[in-house]
Amino acid sequence: MSSSDYYRRCARWNEGSSKRHHRDIDADHLIGFARIWAPYGGATEAEIFGLFGMTRRRFVERLWQIISESNCDQDEVRILADAYPPLGDATSE
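Mind the numbering: the sequence shown is residues 12 to 104 in the working numbering, read in order.
What the hints contain is simulated information worked out from the structure, not anything from laboratory work.
Check each hint, because a few of them may be wrong.
What the hints assert, rightly or not - Now the in silico label distances, taken between C-beta atoms and shown as ranges: (1) Leu-62 with Leu-98: 31 to 41 Å; (2) Gln-76 with Ser-15: 25 to 35 Å; (3) Tyr-51 with Val-88: 24 to 34 Å; (4) Glu-80 with Ser-15: 30 to 40 Å; (5) Phe-60 with Pro-96: 15 to 25 Å; (6) Ala-57 with Asp-37: 12 to 22 Å; (7) Ala-57 with Arg-19: 27 to 37 Å; (8) Thr-55 with Pro-97: 16 to 26 Å; (9) Asp-86 with His-40: 30 to 40 Å.
Where a beta carbon is used, it is the ideal one built from N, C-alpha and C, also for glycine.
Input sequences plus hints: build the corresponding full structure.
What follows is the structure, encoded as structure tokens:
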């Protein structure tokens, strides 16, 4: 990843984080991470495990648990659903 890509991702993460204000910082970080990777089809298993220490399946489960408790807007939920379909969906996995 080039430095310009890194700075763009950080800017998008900061922009998204400022809109959420989730009570749990870890939850906010998880949503921000998912949002950054969403345009690329979602984060890889290695990226998720390296940062959060969990499998992609567990990450998706946790993401949707957090989203259900958060104040994410509908556009953000739609973007995340495209990249990380809830595990109950027939199109996931």
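Here is how each hint holds up against the structure:
{"no.": "1", "hint": "Leu-62 with Leu-98: 31 to 41 Å", "verdict": "violated, 20 Å"}
{"no.": "2", "hint": "Gln-76 with Ser-15: 25 to 35 Å", "verdict": "holds, 34 Å"}
{"no.": "3", "hint": "Tyr-51 with Val-88: 24 to 34 Å", "verdict": "violated, 18 Å"}
{"no.": "4", "hint": "Glu-80 with Ser-15: 30 to 40 Å", "verdict": "holds, 34 Å"}
{"no.": "5", "hint": "Phe-60 with Pro-96: 15 to 25 Å", "verdict": "holds, 19 Å"}
{"no.": "6", "hint": "Ala-57 with Asp-37: 12 to 22 Å", "verdict": "holds, 20 Å"}
{"no.": "7", "hint": "Ala-57 with Arg-19: 27 to 37 Å", "verdict": "violated, 21 Å"}
{"no.": "8", "hint": "Thr-55 with Pro-97: 16 to 26 Å", "verdict": "holds, 19 Å"}
{"no.": "9", "hint": "Asp-86 with His-40: 30 to 40 Å", "verdict": "violated, 20 Å"}
Of the numbered hints given earlier, the model fails hints 1, 3, 7, 9; all others are met.
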